[in-house]
Amino acid sequence: MNAPVTAQRSVKSSSSQPQTGLGALWRPALKQAFVKLDPRQLVRSPVMLVVELTALVTSVLCFVPFVRPEAGAVSTALGVQIALWLWFTVLFANFAEALAEGRGKARADSLKSGSQGLMASKQVGAQFQSVPASSLRKGDVVRVEAGDLIPGDGEVIEGVAAVNEAAITGESAPVIRESGGDRSAVTGNTRLVSDWLLVRISANPGESTLDRMIALVEGARRQKTPNEVALDILLIGLTLIFLLVVATLQPFARFADGDLPLIYLAALLVTLIPTTIGGLLSAIGIAGMDRLVRLNVIAKSGRAVEAAGDVHTLLLDKTGTITFGNRRCSAMVKAPGVSTLELAEAALLASQGDDTPEGKSIVEYLSALHTMEVPDRASVTLIAFSAETRLSGADVRGVAYRKGAVDAVLAYLDLGRDDLPAPLAREVEKIAQSGGTPLLVAGNGRLLGAIHLKDVVKPGIRERFAELRAMGIRTVMVTGDNPLTAAAIAAEAGVDDVIAEATPEKKLARIRAEQAEGKLVAMCGDGANDAPALAQADVGLAMNDGTQAAREAANLVDLDSDPTKLIDVVQVGKELLVTRGALTTFSVANDVAKYFAILPALFAGIYPQLGALNLMQLHSPQSAILSAIVFNALIIVALIPLALRGVRIPALDAGQLLRRNLLIYGLGGLVAPFVGIKLLDLLLVGLGWV
Amino acid sequence: MHDYDWLLLAAFFLLVLAPAPFLGRYFYRVMEGQRTWLSPVLQPVERLCYRVAGVDPEREQSWRGYALALLAFTLVCLLVLMSILLVQGALPLNPQQLAGLSLPLAFNTAVSFVTNTNWQAYSGEAQLSYFSQMLGLGVQNFVSPAVGLAVLVVLCRGLARQSSDRLGNFWVDITRAVLYGLLPLCLVLAVLLVWQGVPQNFSDYVSATTLQGSEQTLPMGPAASQIAIKQLGTNGGGFFGVNSAHPFENPTALSNLLELASILLIPAALVFTFGHYVRDLRQSRAILASMLVLFVIGLAVCAWAELQPNPALAGLPIEQVGSLEGKEARFGSFASALWATTTTAASNGSVNAMHDSFSALGGLVPLVNMLLGEIVFGGVGAGLYGMLLFVLIAVFLAGLMIGRTPAYLGKKLEAREVRLMVATLLVMPVGVLVFGALAVSFAGPAASIGNPGPHGFSQALYAYGSATGNNGSAFAGFTADTPYHNLMLGLAMLLGRFGYILPVLAIAGSLAAKRAAPQGQNSFPTHGPLFVVLLTLTILLVGGLTFMPALALGPLAEYLAF
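Read top to bottom, the protein sequences are chains A and B. The first sequence begins at 1 in my numbering and counts up one residue at a time. The second sequence begins at 1 in my numbering and counts up one residue at a time.
Mixed in with the good hints, there may be bad ones.
[What the hints assert, rightly or not] Computed spacing ranges between beta-carbons, pair by pair: (1) V296(B) <-> L679(A): 34 to 40 Å; (2) Y4(B) <-> L667(A): 49 to 55 Å; (3) R512(A) <-> P19(B): 44 to 50 Å; (4) R282(B) <-> R512(A): 49 to 55 Å; (5) S620(A) <-> A126(B): 39 to 45 Å; (6) V321(B) <-> A77(A): 43 to 49 Å; (7) V57(A) <-> P452(B): 30 to 36 Å; (8) Q308(B) <-> V57(A): 41 to 47 Å; (9) D3(B) <-> L667(A): 50 to 56 Å; (10) S163(B) <-> V35(A): 45 to 51 Å; (11) Q617(A) <-> P452(B): 26 to 32 Å; (12) R282(B) <-> P504(A): 38 to 44 Å.
[Stated by the list, open to error] Cβ-to-Cβ under 10 Å is the rule here; a few derived chain A residues that face chain B: (13) L341; (14) L484; (15) A487; (16) A488; (17) E517; (18) L577; (19) A582; (20) R645; (21) V647.
Hint data in this document are derived by calculation from the structure and do not stem from the laboratory. Source: prediction; values computed, not measured. Each residue gets a CB set at the ideal place from its N, CA and C atoms; glycine is no exception.
The shape of chain A in the complex, shown without the other chains (with noise of 0.2 Å):
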């Protein structure tokens, strides 16, 4: 629950990972982009599908004479040069789709390697038999023992165990499963590294944590989240505006006594059909739901990855995702007449019977501050920290020692309140007030001052709070805490609300009154009692060493059981966005520029005047036409890595990433295919192919 707030995690997941780079990837993709030209795959991909008939039609309308009634107005060599780059825009969007298919596909595939052909124990009566893992259905039990991969997910019923969770979380620590408790989900594909387990499977083969990763970066299998779906309906109503277009431009060309290649009619169909984002459509939700598996956070549905960028208001627990998950020493205070030296040594000594991380701490923050000399162990006489005297202690010679809470200390030493020194109460009171725990410190009957617990915030997680605010996101901060402590954590540490002393219920009523108001909340959870709050949520994140049930309740859960991933994954959800609406805006105004190229070239024979609005001064109608084809299939091979990698989203509001985005893809969108078919027409012309 520790893990540092950033870095790391990524030199971690990569380790453990099958290889991923591009260079291992691009062999497959080239053969998945021919495997996928089957229409029956490409029938996802609508857009695709057209420029794949268009594809079609084209060479057949140069190979067979006969059915080219325009025969002698366009070369063959031209034809098939057209109808080879009409091929290549299919292949080339195929190919982003398998490349970034690629990445999660090498990952699945060696996890399931090793569920093949895996056997269970499998629970009958009162006996085990051994099945084939994948007829396991819900409310199966199994037993599992040292040295075996549990066959899948569930719950731990009976026993106690270390699991190696390594495969699914590329963490090689072993963790504890134990029945009851927070701590009793198992994940399958995970070996038990001690011990026995009997556990209950919670998911039907096809329903499992693996089956989910692997079914969210399979371009076939993939369901398109509520976005993707809605962008595709604008795409296919684009693709029949233009097909419109273009089928009644031969009857106006015939009005005026003109004639146009249907070849030509195919190349400016293609053109203006929004191809660029349609054929990196697909590759940019499977990037984006692969980029979240690196991250170690599977989602059951891509529709909770899409409502994480939609997200109004975070609610982060304060333990583990502010603040480190214990509080720690920061400082200590002498009462009058007491040295440092004094006091320091009869903290140390009370705090050696106290495990708990409060008493590490102050041993870890004492021996930093002196070199002070432990005595033996034979002399002390440990005194170990118990809620019920809430005191820890040593005797040491004779002399005893204790801290403790306040009041605890007071009543070990006989004395009221009021008996406090002054100098010291006031800066008890300070310390209570500033959200810290104060604890007492007394040596040999005698009051020597007080210790400073307080909770620390993670370093960085106040910027990282800047940046969603500046996003427009709330945090708002869970905790058990009193409401004084709660404030001052929260000032620290930058949040925009707390709940104090927060209870599941409160929280859910919480999540509720956000939505009423119309907002999306994002909350992460571990225990049972947090599952009806992650099934309020729009956005609910469980940690994998919860519990079955707030595994159950949640839309998205992180293997790392890292709470501070909520924040990464609206940083992924809002990626996805952005990256499909800048190539949307993108490929849309591209065709300002397509038109330049292709109205002039397309209408030469028939008014020599529009010849005027050959801005780009093409060489010829020939070559301004192959250009434009060739432009419209190389875009897609130029973007591939953005669409793979996804735009980066600076912390801006909503106007400053509009402006920002409609500048860069907008503008650009406009100007580049102006410069890049100027381009490709000088290239074409000089190697001489048209």
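Since chain A is already given, all that's left is putting chain B on it; use the hints.
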């Protein structure tokens, strides 16, 4: 440009824009049934209407119920009007003994007026009786803009309401639109026009001997009231055949200004009505700004083109002040260009000059205004709901770029809305390109085209653009009164009307059911200069990409030929 042209321009903008905020607020109050200063007089009348019709004004409809009521109403209007036109010979108020119209012409004319297009395949003074003009066309002149207004307020309610499936009552909406909105305004304008000399009588046509000694028949009739509603209701169907170029229909410079400003008066005001509905007048200002940008660009091009000497006469020893062919010398080039831009921006369709005679570039502007879908101000109600569709499209296109599901005013645009939006995007291409392609492909229909080459093509494009855009203005030179074109143009008008109205109502229904997310710094900014630019470019891009090839073969080829 002359000084008086600048004066006309300034007075025109003043008359259109100054009253818009107040009139917009008035329309909001009227449509939401709040009290206005006319309520004491009109409320009893309104209640009487409901009682007679058996309408419960408190009962609101779902979008489906609303759409059914609207369709039923339109169908009845269509059938009644067609019947009147077919049998007008047997009806009263027909001093000229005009016979009934042929079936295709009656269909075309009825559709034309029911859809607020007011395309005139007929010639008013030669073919229509006073009865047909007043009780046939006149009634539609009032109710067809009222229907447009009703659809607009439904869309406004859809955006403004939260988690609701009620969108208002169709019968109440059109009653209020006519009673409080159109009637009082028309009364004022009609009186002003009568003062300027427009006839308002039931007299027989007058025979007169001109100075040259030839006989002339002067048409008469209840013109002023008709002209008032034809301008205010973005109808455009003139009382006389040549519309507002006729000296009885538009006698003076002042009447010209008043009629011109009336075209945009209500469409401009409704932009503010929308702002009141969504409680954010910044949205209104952004939309109005985009409309004005498009309007001014169009006007600048058209006026510039018309102020150039006619290149066809360049070789002759003539001193030209602008291109005056087909224009009323009383108005001159600029006032004609201003009217042409205005009437096509607003789907009005009335004319004070013959657009066919405009220069290639000057004629391009009215054509483009119509092909964009009549959204630069546009028809009463219809213009703004068309514009709001473009707003939704702009938001959807660019909205993803802020990393959120696109949303307008907090309402998310999802697959259902996009599907409906796309359906409306297909209306203009089908109506203009497909119908146009049919019209030029066959010898029969193509014979209606008066000129060969690009100009002839522009005529066909204009006719179908005007019909689908529900504008109604015509590029003379195109013989529209043939059975084929009467039928096809009629269908284009129906497509242009209901191809928008039905999806808009469905979108309104879908949006009303949603809950709006609060607007803040993380929501898509739909006001301010950036959005105005985005919206304007989206409109030009969508329109341009759809019609660029056709325009290249028409006006562009004609323009570049010189």
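Cross-check of the supplied hints:
1. V296(B) <-> L679(A): 34 to 40 Å: Roughly 36 Å apart at Cβ, these two residues keep to the hinted range, so it holds.
2. Y4(B) <-> L667(A): 49 to 55 Å: violated (41 Å)
3. R512(A) <-> P19(B): 44 to 50 Å: Check passed, 46 Å falls within 44 to 50 Å.
4. R282(B) <-> R512(A): 49 to 55 Å: Between R282(B) and R512(A), where Cβ atoms are some 31 Å apart, the hint is violated.
5. S620(A) <-> A126(B): 39 to 45 Å: violated (55 Å)
6. V321(B) <-> A77(A): 43 to 49 Å: violated (56 Å)
7. V57(A) <-> P452(B): 30 to 36 Å: For V57(A) and P452(B) the Cβ distance comes to about 32 Å; the hint holds.
8. Q308(B) <-> V57(A): 41 to 47 Å: Given a distance of about 45 Å, which is inside 41 to 47 Å, the answer is holds.
9. D3(B) <-> L667(A): 50 to 56 Å: violated (40 Å)
10. S163(B) <-> V35(A): 45 to 51 Å: holds (47 Å)
11. Q617(A) <-> P452(B): 26 to 32 Å: holds (31 Å)
12. R282(B) <-> P504(A): 38 to 44 Å: holds (42 Å)
13. L341: violated (54 Å)
14. L484: violated (30 Å)
15. A487: Hint on A487(A): violated, closest Cβ of chain B at ~24 Å, above 10 Å.
16. A488: This hint is violated: A488(A) lies away from chain B, its Cβ roughly 27 Å from the closest one there, beyond 10 Å.
17. E517: E517(A) check passes; min Cβ-Cβ to chain B is 6 Å, inside 10 Å.
18. L577: holds (5 Å)
19. A582: With a minimum Cβ separation of about 6 Å from chain B (threshold 10 Å), the hint on A582(A) holds.
20. R645: violated (15 Å)
21. V647: holds (8 Å)
In this structure, the hints that do not hold are numbers 2, 4, 5, 6, 9, 13, 14, 15, 16, 20, in rising order.
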